[in-house]
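Protein chains in written order, with this note's numbering: chain A, 81 to 529; chain B, 1276 to 1560.
To be clear, the hints were calculated from the coordinates, so they are not data collected in a lab. Incorrect hints may appear among the rest.
[Stated by the list, open to error] Straight-line distance between alpha carbons at most 27 Å, and here's what the computed DSSO-like set of lysine-lysine pairs gives:
| # | chain 1 | residue 1 | chain 2 | residue 2 |
| --- | --- | --- | --- | --- |
| 1 | A | Lys252 | A | Lys220 |
| 2 | B | Lys1548 | A | Lys375 |
| 3 | B | Lys1548 | A | Lys383 |
| 4 | A | Lys373 | A | Lys357 |
| 5 | A | Lys336 | A | Lys286 |
| 6 | A | Lys340 | B | Lys1548 |
| 7 | A | Lys313 | A | Lys340 |
| 8 | A | Lys111 | A | Lys273 |
| 9 | A | Lys273 | A | Lys357 |
| 10 | A | Lys252 | A | Lys313 |
| 11 | A | Lys220 | A | Lys313 |
| 12 | A | Lys286 | A | Lys273 |
| 13 | A | Lys357 | A | Lys383 |
| 14 | A | Lys373 | B | Lys1548 |
| 15 | A | Lys453 | B | Lys1357 |
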Amino acid sequence: MDATALLKQGVRAIQQKNVPDGRTLIKQSIKEDPYNDVAWVWLARTEPDPRRRQQCLQRALKINPANVQAHKMLAQIRVATQEMPVIKGDTGALFDVKKVAPTPIDTQELLAVNTLPPPPSNTRRIAPLLREAQQLVKDKNYEGAIEKWVEVLALEVDHEEALQEATAMLDKMGFREDARELLQRAVEADSRKPFVYTQAIDYAMKDQDFRVVDDLRERLVRLPEADDEAIAKIVLAYRYEMRTELAYETAQNALKERPKSQPLLIVMGDLLRRDDKILEAMSYYNRAGQLGKNKEAEARLAKFPPILSDRERSSVWMAWREVAGIVIFILFLAWQDARLNFMEMGAMRWLGVVLSLIGGYLLITATSSPQQKPLAGALGGHIPPLKNDAVLVQRPGVAALQEATRIPLLGAPVRLLFGVIGLGLLGAAVWLTFGSTIQLLLDLLGVSV
Amino acid sequence: MFTLLFIFLYILLSLVLSTLVMPLPINDDGAMRYGAMPWATIILLIVNVAVFTLWQAPDILRYIQATTTAAENAALVDVEAKFDFYSSAAATVRDATGIGAWVTFTGMFMHGSFSHLVGNMIFLWAFGRRVEDACGTWRFLLFYVFAGMVSKVAYYTLVDSDVGSVGASGAISGLMGAYMILFPGQRIRCLWVGLAPFRWIFVAITRVFGSDRFTNGFFISLPAILVLIAYLGTDLFATVETARTREMVGTTNYIAHAFGFFAAISIFLYVRKDLLARYLAGRRL
């Protein structure tokens, strides 16, 4: 059976006061054709819960914003929910919902089905209307253009181009209320386009309608389609309005949903920094920076000491890179000692170079890289207890923020041993590679070895 | 006293005159991220100045102030004796005479004149602190000496000369090269007298049109990459000429400058590991 036939049967059943069967048939009809606004209105009539009834009507209006019955019923629901809990018989409904309240059918399921783009037939009708509107703007027939955009909005209540052009033009012509009304319709139809909310927020802010602003912000933040920048802007607005707790809550909730959002990480860092929680702020900026090139995060980080993370501390190749710096230096000494001739280097000098490799590695492990994986774990290293997310380390020659580590750290006795052996081997390496030259100096000074 | 004042004014004037053509880097505009005291740079400055003023300068001053030929010759002998023994010459290393390969090290701390020393120390201060901040004291010292040695050895191998090479400029070129690799976008405060008249004219014109955006003066903040490429460019030209003829061009050891610059590639072995990680990730240092 097709959707229309199902709807007709459903309506007939409801008129015969067989509401449960009528609801089932209408529900089946909507499943077949979710773009039938009349079916949604009928489903609303059978819905006992005012909130769900409202959702059905909003869905009907999203499909057809010109549906008069849906508008009337919505207005009456608003009055009823403010004044009376029950919809009266003169609402246009054919029966008293309360009297014949059926077992609730989950309309959410249907609502979820209908989160689709406008029907294709509408899309085909929208394009020529937009072209006509553009032509009318060129001809300076602005009223005509607005009419065309409104026609588009009747087909798709939150069509981006039509809504933006129409509101801008209406605003420009002094019909601000009308512009706001168009946006309001899109909001009421549960638009999933963020621009609708950001634009509506702007209007409400200018009108100092702060309750509406809050409601719109809340809806925008929950919208999966909302971009991170817009949410970050809302967080900052809360902070600017001295609603710090709300700002933190919004940012934290948003970060739970979008943990890899650079703008949100930065805004969270900004909140913390303004509250003088520098270390935590740095940690957020650093996370933002690690996610990819981000000038804003880097500019903020540049004002503070850099962060050392476990990634660098545990790196074995980073340690060997430092060793390479020492070995190249020693090799260069050996070459000069061999009178700038590699062929005359001899076994002892090459042995010195090898010793510098081992000694350099031990010294580097003892001093700047005591957390190499898996060496530190194998040699009885322990993970230092976590106190904070990050700590400021200041010692001669370095001032840096260190993220709390989760990598084992070599114990002090092992490091001392490595350091002493490393220095000894390096000393031997210098003697073996640069010995002839050292001997020249000793001879000159009259020292005999 | 008068002589010292005269020397000081002469150096000052020659420095200012040198900026008629090329900008003279004075300072780094950026913040030191690690906030560490640049001990190595300060120590290198002190050692260079001390070696010249306390050890070399008395002989040079004696030579300048000598009133008789005999006194002049005696002073000159002392000056040259130090150069011959401690300056970096190919023969000393190849034949292992005197102090042998130590000369590549000792030559790094000697200078030919007071203006030579002052010029080098200005560059050391301008570029050294930031590179030291990026490396840490010990690794910075190792890199400095390595770049200095590379520049001296390049001179032995490419120039047929028994004349020794003195000066910290090879090592400092290494610092400049490292700076160019690590902080190309950084701005450097420069003294550029030659540009000042043009700036005055330009600023006057912009003021006529009501703009206060530009300022005039002798100092200008320039991107490090431009300043360093300009210096490298002048060195490269003379280096190619030196390598081709195997003879020095003028009295400046351009070949040492250029090879000091090339030695800067090794900076990746000496920088802090978190800095290298950020560099490799294309992040701000």
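These are the hints, each one checked on the structure:
1. A/Lys252 with A/Lys220: Cα-Cα ~13 Å, so holds.
2. B/Lys1548 with A/Lys375: Given pair B/Lys1548, A/Lys375 holds - Cα atoms ~21 Å apart, limit 27 Å.
3. B/Lys1548 with A/Lys383: Within the cut-off at roughly 19 Å; holds.
4. A/Lys373 with A/Lys357: holds, 24 Å
5. A/Lys336 with A/Lys286: violated, 31 Å
6. A/Lys340 with B/Lys1548: Holds, at about 25 Å.
7. A/Lys313 with A/Lys340: holds, 17 Å
8. A/Lys111 with A/Lys273: Holds. A/Lys111 to A/Lys273 sits at ~24 Å (cutoff 27 Å).
9. A/Lys273 with A/Lys357: violated, 35 Å
10. A/Lys252 with A/Lys313: holds, 26 Å
11. A/Lys220 with A/Lys313: Violated, at roughly 36 Å.
12. A/Lys286 with A/Lys273: Holds, because 21 Å separates the two Cα atoms, which is no more than 27 Å.
13. A/Lys357 with A/Lys383: holds, 14 Å
14. A/Lys373 with B/Lys1548: holds, 19 Å
15. A/Lys453 with B/Lys1357: violated, 52 Å
Of the numbered hints stated above, those contradicted by the structure are hints 5, 9, 11, 15, listed in ascending order.
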